[in-house]
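2 protein chains.
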Amino acid sequence: MNTVTLQEIANTLGISVSTASKALKDYPDVSKKTKARVKELAKTLNYKPNPFAVNLRTKQSKTIGVIIPELVHHFFSSVIKGIINQAEKKGYLVITLQSNESYTLEKKQIQLLLDKNVDGILISLANDTAVFDHIKHVIEKKTPLVMFDKIAKVVSCSKIIINDRAAAYNATKYLIDTGCKRIAHFRGPLLPQNSIDRFLGYKKALDDFNIEYDPSLVYICNDMTFEEGEIFAEKLINDRKNVDGIFINTDLVAIGAITKFNALGVKIPEDISIIGFSNWFMSSAITPTLTTVDQPGYKMGKIAFKRLYKELNHIKNKKEFSPKIIELDTSLIVRESTKT
Amino acid sequence: MNTVTLQEIANTLGISVSTASKALKDYPDVSKKTKARVKELAKTLNYKPNPFAVNLRTKQSKTIGVIIPELVHHFFSSVIKGIINQAEKKGYLVITLQSNESYTLEKKQIQLLLDKNVDGILISLANDTAVFDHIKHVIEKKTPLVMFDKIAKVVSCSKIIINDRAAAYNATKYLIDTGCKRIAHFRGPLLPQNSIDRFLGYKKALDDFNIEYDPSLVYICNDMTFEEGEIFAEKLINDRKNVDGIFINTDLVAIGAITKFNALGVKIPEDISIIGFSNWFMSSAITPTLTTVDQPGYKMGKIAFKRLYKELNHIKNKKEFSPKIIELDTSLIVRESTKT
Chain P
1 MNTVTLQEIA NTLGISVSTA SKALKDYPDV SKKTKARVKE LAKTLNYKPN PFAVNLRTKQ
61 SKTIGVIIPE LVHHFFSSVI KGIINQAEKK GYLVITLQSN ESYTLEKKQI QLLLDKNVDG
121 ILISLANDTA VFDHIKHVIE KKTPLVMFDK IAKVVSCSKI IINDRAAAYN ATKYLIDTGC
181 KRIAHFRGPL LPQNSIDRFL GYKKALDDFN IEYDPSLVYI CNDMTFEEGE IFAEKLINDR
241 KNVDGIFINT DLVAIGAITK FNALGVKIPE DISIIGFSNW FMSSAITPTL TTVDQPGYKM
301 GKIAFKRLYK ELNHIKNKKE FSPKIIELDT SLIVRESTKT
Chain B
1001 MNTVTLQEIA NTLGISVSTA SKALKDYPDV SKKTKARVKE LAKTLNYKPN PFAVNLRTKQ
1061 SKTIGVIIPE LVHHFFSSVI KGIINQAEKK GYLVITLQSN ESYTLEKKQI QLLLDKNVDG
1121 ILISLANDTA VFDHIKHVIE KKTPLVMFDK IAKVVSCSKI IINDRAAAYN ATKYLIDTGC
1181 KRIAHFRGPL LPQNSIDRFL GYKKALDDFN IEYDPSLVYI CNDMTFEEGE IFAEKLINDR
1241 KNVDGIFINT DLVAIGAITK FNALGVKIPE DISIIGFSNW FMSSAITPTL TTVDQPGYKM
1301 GKIAFKRLYK ELNHIKNKKE FSPKIIELDT SLIVRESTKT
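Residue numbers (our numbering), protein chains in the order written: chain P, 1 to 340; chain B, 1001 to 1340.
Bear in mind the hints are in silico, worked out from the structure with no lab data behind them.
Since the structure is predicted, the reported quantities are computational estimates derived from the model, not experimental observations.
From the three backbone atoms N, C-alpha and C, an ideal C-beta is built for every residue, glycine too.
There's no promise every hint is true.
[Unchecked claim] Derived pair list, reagent style DSBU-like, types lysine-lysine, alpha-carbon separation capped at 35 Å:
{"hint": "1", "chain 1": "B", "residue 1": "Lys1089", "chain 2": "P", "residue 2": "Lys136"}
{"hint": "2", "chain 1": "B", "residue 1": "Lys1043", "chain 2": "P", "residue 2": "Lys108"}
{"hint": "3", "chain 1": "B", "residue 1": "Lys1108", "chain 2": "P", "residue 2": "Lys299"}
{"hint": "4", "chain 1": "B", "residue 1": "Lys1153", "chain 2": "P", "residue 2": "Lys89"}
{"hint": "5", "chain 1": "B", "residue 1": "Lys1153", "chain 2": "P", "residue 2": "Lys22"}
{"hint": "6", "chain 1": "B", "residue 1": "Lys1062", "chain 2": "P", "residue 2": "Lys235"}
{"hint": "7", "chain 1": "B", "residue 1": "Lys1319", "chain 2": "P", "residue 2": "Lys108"}
{"hint": "8", "chain 1": "P", "residue 1": "Lys35", "chain 2": "P", "residue 2": "Lys116"}
{"hint": "9", "chain 1": "B", "residue 1": "Lys1318", "chain 2": "P", "residue 2": "Lys108"}
{"hint": "10", "chain 1": "B", "residue 1": "Lys1035", "chain 2": "P", "residue 2": "Lys33"}
{"hint": "11", "chain 1": "B", "residue 1": "Lys1043", "chain 2": "P", "residue 2": "Lys90"}
{"hint": "12", "chain 1": "B", "residue 1": "Lys1339", "chain 2": "P", "residue 2": "Lys62"}
{"hint": "13", "chain 1": "B", "residue 1": "Lys1035", "chain 2": "P", "residue 2": "Lys39"}
{"hint": "14", "chain 1": "B", "residue 1": "Lys1339", "chain 2": "P", "residue 2": "Lys90"}
{"hint": "15", "chain 1": "B", "residue 1": "Lys1319", "chain 2": "P", "residue 2": "Lys89"}
{"hint": "16", "chain 1": "B", "residue 1": "Lys1039", "chain 2": "P", "residue 2": "Lys25"}
{"hint": "17", "chain 1": "P", "residue 1": "Lys89", "chain 2": "B", "residue 2": "Lys1339"}
{"hint": "18", "chain 1": "B", "residue 1": "Lys1318", "chain 2": "P", "residue 2": "Lys62"}
{"hint": "19", "chain 1": "P", "residue 1": "Lys306", "chain 2": "B", "residue 2": "Lys1153"}
{"hint": "20", "chain 1": "P", "residue 1": "Lys299", "chain 2": "B", "residue 2": "Lys1299"}
{"hint": "21", "chain 1": "B", "residue 1": "Lys1043", "chain 2": "P", "residue 2": "Lys33"}
{"hint": "22", "chain 1": "B", "residue 1": "Lys1089", "chain 2": "P", "residue 2": "Lys142"}
[Claimed, not checked] Chain B residues, not near chain P, derived (Cβ > 12 Å throughout):
{"hint": "23", "residue": "Lys1032"}
{"hint": "24", "residue": "Lys1062"}
{"hint": "25", "residue": "Ala1087"}
{"hint": "26", "residue": "Lys1153"}
{"hint": "27", "residue": "Lys1173"}
{"hint": "28", "residue": "Asn1210"}
{"hint": "29", "residue": "Ile1237"}
{"hint": "30", "residue": "Lys1241"}
Kindly produce the complete structure, drawing on both the sequences and the hints.
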């Protein structure tokens, strides 16, 4: 069947192909009159967009966007490295944006990326993000989006995660197995799913091993900084909590706590055992070295891109697909900050 | 004066504006015949490209490319953060690429960015880069390019640097001032300018204070890793070099050395004083805390983008400009790894 092309429509009306294309897509920079003329003619001539041309345009963007909460961060920079390396193998370039844990900024950045016509988006949500209209908007626009690490359970899209609850459970269980009887938890902020799950894993382990849960032993680190580790470590001692173990939401806070305990003369692990989370590089350089949960950042980045790439191809080939949740393994790295 | 537009040329020849535009620019995907027709008509009608249209197109890219050697790196991730934050303020998006210290990859990435029509490029060179044809190619194409941190002296473009030689001189002088008499240097690879300059600063300080320069006390860290720090620290002891101070090219290597000295029972600073370079976060968390040169990564990123932005505007406004070298201040952060 010989079908009419956009070029022929444009020629007939004496306008450019790009104007004709924009008119069909209702772009604001084309006049109402032109839009009406183009649409009418397209209908009369039974115009169908050339799938090959669409394909070509899809191929040409070859750019994806990544939004992360913070770049100067061992875990996230590892994820980005994994994404960039994998994307480059497939000829994709990566635009990186940093939300600074702010929902407002994250929402703006999503729009920036859509305006830029990126082929797809990878995102790890800001701590601040409690509504997901901006994310749902991307999904409605059929732009593939994959979440990693800090995800939203209520949004239907592919997600690359670890089992935070199981990892936290195992870490807390290890403290119990090595003799700790009164275990504190330095947790993350209230909103992010991973911080909720790590807290629930901690609580479940206490329950399972008949250790009473004491809410006064849970400290909330809103910024998850080195300084918060120092502050809560000192507070724990000043408040005479008689704690003999702490499971800490992230290594950075744990390193702050160790630094303060060292300064105060609290012996680790003799007086207090500590387990962190993430296996940052420095956890093996501090004295004592830190027992921690290894979280595979580089691998997570690679797999997040691979999943996005698969979805891009499904869309290109007009193939149906369902969102997929991929869970990566973690492991407990036992070092000097826990008893044997 | 009423001048002919590209649209009119396209309409007259019954081709699209984009084909007419490509024909004038000698794109390979336009036939010779069409090129000849367009060029002839353009000449006849005395066609001049609309500067506003060019301007609009220039404005629309609003993307810059950044190439760094390594992303999982406190200094470089800080630089990138500075670049991204500053770029976003001006409505620019940032494509980040990582050269893995490879010239071949860096060259390929430069081409990728040019193909993507980025407005400008920021680059910190790979250790491996000894020829600069790829960089010169960018400059010849009049795409603004600014180098930061790891630069090439022989290339004429704007550069954001620190005075590595002076910083290294001051660090070495501090070791001498606090009583060190036999000072080793763990240096970086042979090619990068900053590693050369830090070595020269070290050597100059020895000369100025009448300490004999002993080449056997200079260890080359080709990968600048934690492991190299451990290896050379152990070698220094095994080789019985009787060293009482070390100036180390980067904190990561210094942290490796401290970790090994701690394990071997070598007392810091009583037996050996150590000074690092960069002021990575972890240098204040290790025991003993590390005396180091503070290198302003975030600021360097901000200023690199600001300079690029200035050059983009100069080009847009057809204003002449000369490359500028901006030197940022460093300072010595004195901590526990040196004597007082």
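Hints, one by one, checked against the model:
{"no.": "1", "hint": "B:Lys1089 - P:Lys136", "result": "holds, 26 Å"}
{"no.": "2", "hint": "B:Lys1043 - P:Lys108", "result": "violated, 46 Å"}
{"no.": "3", "hint": "B:Lys1108 - P:Lys299", "result": "holds, 24 Å"}
{"no.": "4", "hint": "B:Lys1153 - P:Lys89", "result": "holds, 32 Å"}
{"no.": "5", "hint": "B:Lys1153 - P:Lys22", "result": "violated, 48 Å"}
{"no.": "6", "hint": "B:Lys1062 - P:Lys235", "result": "violated, 49 Å"}
{"no.": "7", "hint": "B:Lys1319 - P:Lys108", "result": "holds, 33 Å"}
{"no.": "8", "hint": "P:Lys35 - P:Lys116", "result": "holds, 23 Å"}
{"no.": "9", "hint": "B:Lys1318 - P:Lys108", "result": "holds, 32 Å"}
{"no.": "10", "hint": "B:Lys1035 - P:Lys33", "result": "holds, 32 Å"}
{"no.": "11", "hint": "B:Lys1043 - P:Lys90", "result": "violated, 43 Å"}
{"no.": "12", "hint": "B:Lys1339 - P:Lys62", "result": "violated, 55 Å"}
{"no.": "13", "hint": "B:Lys1035 - P:Lys39", "result": "holds, 31 Å"}
{"no.": "14", "hint": "B:Lys1339 - P:Lys90", "result": "violated, 53 Å"}
{"no.": "15", "hint": "B:Lys1319 - P:Lys89", "result": "violated, 39 Å"}
{"no.": "16", "hint": "B:Lys1039 - P:Lys25", "result": "holds, 32 Å"}
{"no.": "17", "hint": "P:Lys89 - B:Lys1339", "result": "violated, 50 Å"}
{"no.": "18", "hint": "B:Lys1318 - P:Lys62", "result": "holds, 31 Å"}
{"no.": "19", "hint": "P:Lys306 - B:Lys1153", "result": "violated, 40 Å"}
{"no.": "20", "hint": "P:Lys299 - B:Lys1299", "result": "holds, 30 Å"}
{"no.": "21", "hint": "B:Lys1043 - P:Lys33", "result": "holds, 33 Å"}
{"no.": "22", "hint": "B:Lys1089 - P:Lys142", "result": "holds, 28 Å"}
{"no.": "23", "hint": "Lys1032", "result": "holds, 20 Å"}
{"no.": "24", "hint": "Lys1062", "result": "violated, 8 Å"}
{"no.": "25", "hint": "Ala1087", "result": "violated, 10 Å"}
{"no.": "26", "hint": "Lys1153", "result": "holds, 29 Å"}
{"no.": "27", "hint": "Lys1173", "result": "holds, 27 Å"}
{"no.": "28", "hint": "Asn1210", "result": "holds, 36 Å"}
{"no.": "29", "hint": "Ile1237", "result": "holds, 19 Å"}
{"no.": "30", "hint": "Lys1241", "result": "holds, 24 Å"}
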